[in-house]
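> Letter by letter, the chains look like this.
Number of protein chains: 2
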Amino acid sequence: MSEKSKKPNKPSVYKPKPISGFPEWLPEERLVELKWLDHIRRTFESYGFASIETPSVEEIDVLLAKGEVDKEIYVLERLHKDEDDDKDARLALHFDQTVPFARYTAQHFNELTFPFKRYQMQRVWRGERPQLGRQREFYQCDIDVINIDNLPLAFDAEMAAVAYEVLDGLDIGRVQMRISNRKILTGLLESMDINDPVPVTRIIDKIEKLPIQQIENLLKEEKLSDNQIADIIQLAKTKGTKQDLDAIEPKNDKMKEGLDELAEVLDNLSHLPSEAIIADLSIVRGLDYYTGIVYETQLLDVEQFTGSVCSGGRYDNLASSFINKKLPGVGISIGFTRLFDVIRQSRRDLMNIGPKCPTDVLVYTEDKDLKETTNITAQTLRKRGFNVEVYDTVKKWEKHFKYAKNKGIPYIWYVNGPDTHEVKNMATDDKKETNPNDWNKDE
Amino acid sequence: MSEKSKKPNKPSVYKPKPISGFPEWLPEERLVELKWLDHIRRTFESYGFASIETPSVEEIDVLLAKGEVDKEIYVLERLHKDEDDDKDARLALHFDQTVPFARYTAQHFNELTFPFKRYQMQRVWRGERPQLGRQREFYQCDIDVINIDNLPLAFDAEMAAVAYEVLDGLDIGRVQMRISNRKILTGLLESMDINDPVPVTRIIDKIEKLPIQQIENLLKEEKLSDNQIADIIQLAKTKGTKQDLDAIEPKNDKMKEGLDELAEVLDNLSHLPSEAIIADLSIVRGLDYYTGIVYETQLLDVEQFTGSVCSGGRYDNLASSFINKKLPGVGISIGFTRLFDVIRQSRRDLMNIGPKCPTDVLVYTEDKDLKETTNITAQTLRKRGFNVEVYDTVKKWEKHFKYAKNKGIPYIWYVNGPDTHEVKNMATDDKKETNPNDWNKDE
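Which chain is which? The protein sequence lines are X and Y, in order.
The opening position of the first sequence corresponds to residue 9 in the numbering used here, with each subsequent residue numbered one higher.
The opening position of the second sequence corresponds to residue 9 in the numbering used here, with each subsequent residue numbered one higher.
I should point out that these hints are in silico values taken from the structure, not numbers from a laboratory.
The reader is advised that the hints may include incorrect statements.
Copies of the same chain are indistinguishable here, so a pair counts whether it falls within one copy or spans any two.
Straight-line alpha carbon distances no greater than 25 Å define the calculated SDA-like cross-link-like pairs of lysine to any residue that follow [stated by the list, open to error]:
#	residue 1	residue 2
1	Lys74	Glu85
2	Lys449	Asp46
3	Lys262	Asp213
4	Lys440	Pro363
5	Lys79	Asp96
6	Lys25	Val83
7	Lys333	Tyr297
8	Lys74	Pro26
9	Lys259	Glu224
10	Lys89	Ile68
11	Lys25	Glu85
Chain X on its own, in the form it takes in the complex (with noise of 0.2 Å):
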């Protein structure tokens, strides 16, 4: 077809445009995501986590095998469904990696080796309606250890060093994690009585949002006496280090339990510099299934983003909607797409938004007849592990420099001739000759 016989039914344009919460990043932002990503896996993979990938769907009957879940679930339907399409079981996007992980293991748990140390960091979708610092699609970056019937301490202080190491080694700023464990709550809460501590934990989740006077008047709907409320709140509010813990009386085993636990975490993490881990009696996670640590993590230098960046804890026994084992487990969740466009968006000079492309050398030639030994001069450097586009021309454009500085490449490589070669440091302006056998990178 000729571009002369196209043009009377040209297709009209159909102009793209963003879809709210689904993200995408232009390629000079996208580098950085890419190394924030591989940071965090060479964090993972230094303590051992195995990675995995479960499929981006579940069956429905999954998803909801706890009972109903307060994320808002996406189905999926296909185009042109058939009768056949209402026999097959429903899929939905997973809405977090925490349900995959636990029917995974359940899956294939006579192939794996316990304890099971997993890392998982794919894309989560929960169909909310759009706003500030929420998504529909964004990362997770999870890490979980489970074990059959008992799992160490220990591994509750690792997930907070591997989750401060990931978050401190971004370079945005302090970070600051705050722990708590569960059992002391509920442990004071029981000694007054009150065997389901799912409201007050509710009530307690919110203290660092509401006023003191609101939260006081919630617990007083709950039924408590002025005293317990005095009691709860002055134990929430407790914050600092192990000193501060020892400050606290136990009223009974479990609030013992809990805070024993905590101070021995702390112990585990007393080589971290001691604003990165503070004990936190507010921390409770309150829809959540844990049931020992808890954690939350912010960052002390970012302003525009006060909510926590990771969070997670320990869970007794998170697979027994899918079989029928003891596995107790601790797990933390990096909210990755949204603390990384928080910082897109608000603190881009944390960014440092370097180059468009992972060019290191553009190989440029202005001698047809040199073509053969510029692309060999582009694959030597290539062997030796760089990065190297060779910049090819239809015409002699002058066009090469333009190219090289938009897209932020640091070196321009001349074959002047077979073995006259000539490279440019675009940061300094400096020209030299050299060969592609023994060139390096200007320190």
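Dock chain Y against chain X, hints included.
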């Protein structure tokens, strides 16, 4: 809640099963998959391709902008949808990375530098009835170069070189890339006054799958003469080197242009092994939108997989549905998950399945008082780049050896005293004294 109070209303167990068409791997398989994906990414980057990721979904209008597609599309619906949902654009999972790439290029046109070289390694979804070798969710690894108005033919050669280097580096036997140019057959057909090449192209696309008699019959149904059929089949059966192309008499300018371009691309690839890249004029990529050079790739040593593992081609104007610019490009796509799964199921020997985790060293002590030394040892080794697990016990297990053996961890590190350390090589059973600052893996 005590264990006891839980038992009466213990929830029933939902035994999970695999979902057809949505594969997942065991940790030891996933480690091989990661190694392959890392190799692919490294190779793409060594040629200067920049990573992008697009959302998993597009608006349905974007996916169908070029007209109805032959792929089955998954549409998203919220489980608890409300009337507002009907007002929103309908979203569907992307079925390839080409349409999203075209949309991305159009949408961010002013922020990109051209020629734009990008790679994309994401999952795509197709709601097909699952069958052997067909998945509903799978990774594709794509590279494309796109430019404004025109794009040098050197990039068509670079595509083939990158794809060959990627597949050859996976160590799955001999790889052969077969290249043609659509202009050759189209030119021949135009010389016969056949101006719509599509019906004949679709038939020639099947030349490797059907007996030649059947191909002839199909062409007869298109009202071609015996002479025309003979000429077409003779052309399509041409296979070999640049010299074999020289024997073909071009019937018009278009056919000559096609042959010249193909010869130039082969010339540019002469540094590769002679069996690696061949001309094969039966390659037409039946249903796709290509206008010039086209590629397919076969594994010569994996009989179980006769299809193409890596295909692509040159297109004049990919993004014309989304922007009023002429943007020619060339691209190639590796059907990664299909390739991986075929090797996994039928040539497992080629996978070199190794350990179940990335751990290099398992650090262990029998003495509780040496806990801190153990942790410091692990941290020192991690800082030196090793992946290290500490084996933690509640009571004194004798299980650390079995754990290391089962997971394939190559070294056990025994902390016997503050400065008395021994390391055991699990492969050789050798044990020697060492310290964390000087130790290195045995060569």
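> Each hint needs a verdict: does it hold in this structure or not?
Structure-based check of all given hints:
1. Proximity of Lys74 and Glu85 under a CA criterion of 25 Å is satisfied in both settings, with 24 Å inside one chain copy and 22 Å between copies.
2. Taking CA atoms no more than 25 Å apart as the test, Lys449 paired with Asp46 passes in both settings, with 23 Å inside one copy and 24 Å between copies.
3. Taking the shortest Cα distances, Lys262 and Asp213 sit within 25 Å of each other inside one copy (20 Å), while across copies they are farther apart (72 Å).
4. For the identical chains of this complex, Lys440 and Pro363 are intra-copy neighbours only, at 23 Å inside a copy versus 47 Å across copies, given an alpha-carbon limit of 25 Å.
5. Taking CA atoms no more than 25 Å apart as the test, Lys79 paired with Asp96 passes in both settings, with 23 Å inside one copy and 19 Å between copies.
6. When the C-alpha separation of Lys25 and Val83 is checked against a cutoff of 25 Å, the pair qualifies both within a copy, at 24 Å, and between copies, at 19 Å.
7. In the homo-oligomer, the alpha carbons of Lys333 and Tyr297 lie at most 25 Å apart inside one protomer (17 Å), although the nearest pairing across protomers, at 54 Å, exceeds that limit.
8. Proximity of Lys74 and Pro26 under a CA criterion of 25 Å is satisfied inter-copy only: 19 Å between copies versus 35 Å inside one chain copy.
9. In the homo-oligomer, the alpha carbons of Lys259 and Glu224 lie at most 25 Å apart inside one protomer (21 Å), although the nearest pairing across protomers, at 90 Å, exceeds that limit.
10. Taking the closest pair of Cα atoms, Lys89 and Ile68 come within 25 Å of each other both inside a single copy (18 Å) and across two copies (15 Å).
11. Both within a single protomer and between protomers do Lys25 and Glu85 lie at most 25 Å apart by alpha-carbon distance, with minima of 24 Å and 20 Å respectively.
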